[in-house]
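Below are the chains, spelled out letter by letter.
There are 4 protein chains.
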Amino acid sequence: MHDECGVVGITSTENLPLKIYYALYSLQHRGQESAGIATYNNGMKLRRGMGLVPEVFTEEDINQLNGKQGIGHVRYTTSGDTNLESSQPLMVTHQKGRLAIAHNGHITNSMEIRRQLEEDGHVFSTGNDTEIIAHLISKHLIKTDDITNALKRSMKKLKGSYALTILIKDKIIAVRDPHGIKPLCIGKHKNGYIIASESAAIDTIGAELTRDVNPGEIITIQNKKLKSHQLTKKQNAHCFFEHVYFARPDSIMDGKSNYECRLQIGRKLGEKYPVPNADLVSPVPDSGITFAIGYAETSNLEYAESLMKNRYVGRTFIMPNQGMREDAVRLKLNAVKSNVKNKEIVLVDDSIVRGTTSKRIIKILKKAGAKKVHLRVGAPKIISTCHLGIDMADKNKLIAHNATTKEIKQKIGADSLKYIKINEMLDAMNINKNKLCLGCLNEKYPVPKQNTKTLQTKIE
Amino acid sequence: MHDECGVVGITSTENLPLKIYYALYSLQHRGQESAGIATYNNGMKLRRGMGLVPEVFTEEDINQLNGKQGIGHVRYTTSGDTNLESSQPLMVTHQKGRLAIAHNGHITNSMEIRRQLEEDGHVFSTGNDTEIIAHLISKHLIKTDDITNALKRSMKKLKGSYALTILIKDKIIAVRDPHGIKPLCIGKHKNGYIIASESAAIDTIGAELTRDVNPGEIITIQNKKLKSHQLTKKQNAHCFFEHVYFARPDSIMDGKSNYECRLQIGRKLGEKYPVPNADLVSPVPDSGITFAIGYAETSNLEYAESLMKNRYVGRTFIMPNQGMREDAVRLKLNAVKSNVKNKEIVLVDDSIVRGTTSKRIIKILKKAGAKKVHLRVGAPKIISTCHLGIDMADKNKLIAHNATTKEIKQKIGADSLKYIKINEMLDAMNINKNKLCLGCLNEKYPVPKQNTKTLQTKIE
Amino acid sequence: MHDECGVVGITSTENLPLKIYYALYSLQHRGQESAGIATYNNGMKLRRGMGLVPEVFTEEDINQLNGKQGIGHVRYTTSGDTNLESSQPLMVTHQKGRLAIAHNGHITNSMEIRRQLEEDGHVFSTGNDTEIIAHLISKHLIKTDDITNALKRSMKKLKGSYALTILIKDKIIAVRDPHGIKPLCIGKHKNGYIIASESAAIDTIGAELTRDVNPGEIITIQNKKLKSHQLTKKQNAHCFFEHVYFARPDSIMDGKSNYECRLQIGRKLGEKYPVPNADLVSPVPDSGITFAIGYAETSNLEYAESLMKNRYVGRTFIMPNQGMREDAVRLKLNAVKSNVKNKEIVLVDDSIVRGTTSKRIIKILKKAGAKKVHLRVGAPKIISTCHLGIDMADKNKLIAHNATTKEIKQKIGADSLKYIKINEMLDAMNINKNKLCLGCLNEKYPVPKQNTKTLQTKIE
Amino acid sequence: MHDECGVVGITSTENLPLKIYYALYSLQHRGQESAGIATYNNGMKLRRGMGLVPEVFTEEDINQLNGKQGIGHVRYTTSGDTNLESSQPLMVTHQKGRLAIAHNGHITNSMEIRRQLEEDGHVFSTGNDTEIIAHLISKHLIKTDDITNALKRSMKKLKGSYALTILIKDKIIAVRDPHGIKPLCIGKHKNGYIIASESAAIDTIGAELTRDVNPGEIITIQNKKLKSHQLTKKQNAHCFFEHVYFARPDSIMDGKSNYECRLQIGRKLGEKYPVPNADLVSPVPDSGITFAIGYAETSNLEYAESLMKNRYVGRTFIMPNQGMREDAVRLKLNAVKSNVKNKEIVLVDDSIVRGTTSKRIIKILKKAGAKKVHLRVGAPKIISTCHLGIDMADKNKLIAHNATTKEIKQKIGADSLKYIKINEMLDAMNINKNKLCLGCLNEKYPVPKQNTKTLQTKIE
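Protein chains in written order, with my numbering: chain A, -10 to 449; chain B, -10 to 449; chain C, -10 to 449; chain D, -10 to 449.
It is possible that part of the hints are untrue.
One copy or any two copies: either way a pair holds, since identical chains are not told apart in the list.
To be verified - Derived DSS-like pairs: lysine-lysine, alpha-carbon spacing no greater than 25 Å straight-line: (1) Lys321 <-> Lys177; (2) Lys158 <-> Lys148; (3) Lys245 <-> Lys356; (4) Lys214 <-> Lys410; (5) Lys222 <-> Lys34; (6) Lys160 <-> Lys145; (7) Lys146 <-> Lys85; (8) Lys298 <-> Lys321.
Think of the hints as simulated: they come from the structure by calculation, not from any bench.
Nothing here was measured: the structure is a model prediction, and the numbers come from that model.
Based on the sequences and whatever the hints tell you, model everything.
Printed below as a string of structure tokens:
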């Protein structure tokens, strides 16, 4: 449903491709389509492939990638082609040398920049955002011969969301867009630094989280020294959905523990939307768990697991014909009879996007004998799409688009339905409204959408 | 660590291989090494392979297996060869026809039976337990021409644990050893019956759990009719470890909900072994979750997740050298900082076998800033191995073998350590001691070990 | 079209699995479906798999198979199931120990023997010929405790064709049926012996061909000593088709060089069936080459290649719809224009079975401008099937079944067609008619077909 | 040893990706490393992969590539990286649209052109010859908006060998370098045209060879119309090695049948370098066959196969340690005893590059009992490398580099050795010396080597 990318950059005084491998593995939830690592050791090496991190890299790959500086990427595309050529890091060469780049985000004026570069004579192989960024940086690097200056000039052009890690010879550069829409943070280990989309990657390699990369900041790491260059800041607009759903609960982002955010939202839900007569509170596993724990506390209801997730059900699956479609749902989630039969259940989930999963889960619980199912949702009503990097489905497939809560309740078959309100969520998270991007909730985006009609002419 | 097999048998008036596929998928936790399905449709068809259920069967396989009766098997070997020839179901032919058989358990006198069959001239292809059972049944089937009689005679010989599903033409037969060591239960769906190791498989295909197959019972299903033949019962000896760890929490076995067993043990642990000053209670995910929920209730402590499990870490994995071994542990389980730093934590796990995992987890928590870690364990001290189907590791690798709780506590680095006591566990589960096999806890086994020295001569 | 198996057995004072691998690779033309190796080294090891020799065995497999005695098998099934369980060598255990067996041939009374063994209580896993032979030998081995006696007794029962290599501990045994239908020969290398279906395998491992295993001979090799036991011989009936098509031209069988046989037949064809006005003689590559060389000599015509074979066209292939079917044929064989356009060509092939390939090839030549195409065939008219191990297609799919040469000529579009006559072939090969099995040519078989109707009752 | 690429371009009024697949399959000998197809159908589609043609393309791939114009490529790299990114066709986009390009050859001034393009701001992804050509063409296409003009300008810059097929929307363009170093020819089928490296590809899809693309000619095909634009011609310099070894014998190139070239060279060898007392003439299969047929004719010796090639020995292979290295050679080529033992053999091969294979083969024949082995070679002494697209090995690995024929004879163990002389070869082929590139024979190249030292600075 919701997908993005994860980026990593590490420096060390020791050989590090296995550290990048572990860091990417810890960010696997941010992209399962492709993975790649680029390292430097008197020349640049690159290994990319389709699939999960352990599928893409063999032990031999890791050995051959030996180097003391490197970047990595995991990807689920939200634009561009779903093929190997579009996997990252992307490596390009230009007059002044070579650079590799890994990108998380979505450039809203990519077509416009591309047209300008094409007018300068640039020729593209894939035409995706990352290649456009790489060409733009290269163009300025040729002129200025200084990566910080080249990035400053490039960032004046770039609109949208981007968290980048860049490798140039033995230097790692990290960049975050001026609104800080996508997360990016800095860690320190005994032999160097790590830049990563989430602090869980920093934990995984045994490093310590230092701080976030600031919105509009350019970080350069070389010879164990980290330098920072800060562009004029814009209004912060961190994606609230990272905190609430997309990122790992054990990650800390822009100063907030995602676990705490979810727990406090759950508590707030329990306080504001209790169900006094309910028998128990249960999460939709796994994303609803932390919310449900919080809800149980403030509602004084018993916390119990009423649905068990089959840990082996992955991507491959023989789908049945219509008649057995329900078996497929039960294979993924099965009711715990003793917690469901004749019970009035408060079911807690992180968010509702299309509503199809919610509907199926409620059906399973009802069929297993649930007396009532009350749904409580940790994210406010999602009424619009995201053009800044989260794959939310088409607007008219969003169940909350042009629908009242009552209508949604009926569609999914819940006995009651309550979403957290925007202000309640902000209150629970203890974040100022102005610090977050809430575009999919209120249609106020930090960066407007690209006017695709005027600019995009078909390329045959 | 602990491994076994899962068996299934289904009859229907409609084509059913996809139902068997779903049922096996729901039992995947019982064996990830190989899977197989045999069906009948004017002749028997068999498809077996190494790997997980979705890896073994393609859609074409399922189509070619068309039939209205069938059995299935998932396996992780605890004896015999780890190769395709030893995967199940096993299909054999004899004077009177053909039979396919799927087995969960361990025959303790297999070598003796094999010697006797060899003296009768039997020739074996694999020599594993299942082939010995198949030959023994065939031998009696040739004589008696009646499967129930053949099974009765065979069961007089067989010692150890066994839950079998057998396919002979359009007939499904299910058998459970006289002690009922291994689980086996019966479900009914609108077009027929299902026999399965666990009720979760029954749920998955949309059937209703009817009852358990009784210890020493032979069930025959043909033409939508189910017949039962009961052998003289012996003392029940259901494996307690199925309830506490091995089987799914959403399965009901021998009348007991595994979820309830684990929850009540957790509650008992909280009642008997509280830690009044602790800040929170956390499970070792996933197996400790239900116990921890129960513990939190009776101890009046906050339930919180202090460890996050990476859902993508599966079987394939590049293992690092010594220096990065800890990264590999953190990749699987990462601390949630806000629940760990400066906290006194009660950590709840289902059982301790070797103790290596417990030691590593406590180390992670301490490194993440935990003030104290108190470990509470839902299974009593495991002091001996299992020769009836659970792979417990060698006796001298069991951390509780010849060690006091105090010694174990020190080895694993816990600040305090409490195991549930046997009687407390039985009390919590509300089961009579005489109904369970507690061999690994008290070395009292329902069936003695095979004297391998006298019987097993090396076969070259 | 025509397929069989290849067997190998090697002894050495050194580790030999790689020698078996090479020997099997040199016999790959005898079976491309599966391959297997069994070796002995204080216990027996077995590795079997589906596919070509280099696909089945990895370097690790070969290392793990270490041993100083071993047997091997390549297979294309002419009976039984086409799955891994039916691949060979087959390993069985019985009262007195273990044996592995590799078989080339077809047992005509297998069903009868199976019934008798079943009456003795034998239970089968696959029911194919090889398992039946293994059980029969085991049965007698249990009684006599002596492999030579067990084989003598077994051979009294076995009817049909068989060339066997058997491994029992550090002993290799080779057996050839009393008619010598299937080839089997003995070679000597500096550290031991090799038994193989063809002498090309002996050449490949650098050994010297000693002699053929005699029809009805049992060879036992242990401790560098070779012993022979000769059963009462029956009339020799070596398969003529091995000499003419199936075996490698560089193999020597039953005293005859296959290359010489084919060359002499070609010369005879040229002598008896010349085409005085033809421009050139061309083979159908590869099987017609040696015949065509001989033909060119005695007919005093120029030898030229008029068809080029694409060496990369193997098993996998996207087949086109009807409209492009000819492209697929041309992809395999393309005309050499300068040798075809306006030429009168004598085309020489080894044999015609169904006639479909001949028809297509003549069409290609005509389309490329050939004035006339005269076909000369190195094997007499194949009018009947083989039940002794060569897969000849159904009788009524044989183009020469119930058809005159004239009718065949018209069907395939040749301008003239001549088969070698049986006596001419025997004359050319310099072999007495009584020494060969010519069953598919004259329906006189050394062993009658199995009466499948009376014996084979369906096993469900 | 010697490797290159193959290119194809087809237009039709019907869907054609399967035609491209067949054409590429027929050119598989020109490159086994990667394959790719690009087609046009209201947008461009591209599918590339590592491996043989049937491994790269599934039936689904072919279906998805539907279109009526397309180009294809098979590749074995002689420069650049051996990875997927460097496989072809290469597709790029620029200001005026998109183009796909397939290239056979080697650009000698690629580094210089790249530097110039980089100075214009071009950024490269792979930096290989094909990307440089694509950028160069794009640069001029942006300026001129006309592909013929863009190509004319590009060809003024490009030095070296190139045969290109290009796809722009529904237009196929073919280009051959001004010396015609690499082959490229035109065929016509009922619904359109085909451009291909060899006429065998034209035959395979059922088309008729029309003529060669002329050196320095630009062919444009659109709407069933073929237009030609001829640049000022330079001295022709067709690669002689294509005729003698690299291309298929059934291909016709620059007006010459390769089969005829090889046959006539063989005849000339027989005439000039007979061995009156020899028993027979044999080819080194497969490349020596046509030469040997010719030699046998003029020398009046018997043509016989003394070496059999194992058709199953492909790319995968377990290599033995030193002790069994000879087995590996014999696995590929085995002596036909009856044609070798006590025989004086004239062995005919197409060429000698490193000499290692010749040495091994002679050893096999001697070991099999050959009295004498006289080697006759269809290509003159190869004394220098090729920098125009044939991979000849390093200069000092060429056995004829700085060695007399007598020295070579001794190194390889032949009893006599004769190469065809350059003039004899030209005479036999009936080609004027000035029409061919004989650089590897006489070090006179049509295009000088790139001065890599001054231009190539390391890119990190």
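Here is how each hint holds up against the structure:
no.: 1; hint: Lys321 <-> Lys177; result: between (39 Å within a copy, 21 Å between copies)
no.: 2; hint: Lys158 <-> Lys148; result: neither (27 Å within a copy, 32 Å between copies)
no.: 3; hint: Lys245 <-> Lys356; result: between (39 Å within a copy, 21 Å between copies)
no.: 4; hint: Lys214 <-> Lys410; result: neither (45 Å within a copy, 56 Å between copies)
no.: 5; hint: Lys222 <-> Lys34; result: neither (35 Å within a copy, 42 Å between copies)
no.: 6; hint: Lys160 <-> Lys145; result: within (22 Å within a copy, 39 Å between copies)
no.: 7; hint: Lys146 <-> Lys85; result: both (21 Å within a copy, 22 Å between copies)
no.: 8; hint: Lys298 <-> Lys321; result: both (6 Å within a copy, 18 Å between copies)
Violated hints for the displayed structure, listed by number in ascending order: 2, 4 and 5.
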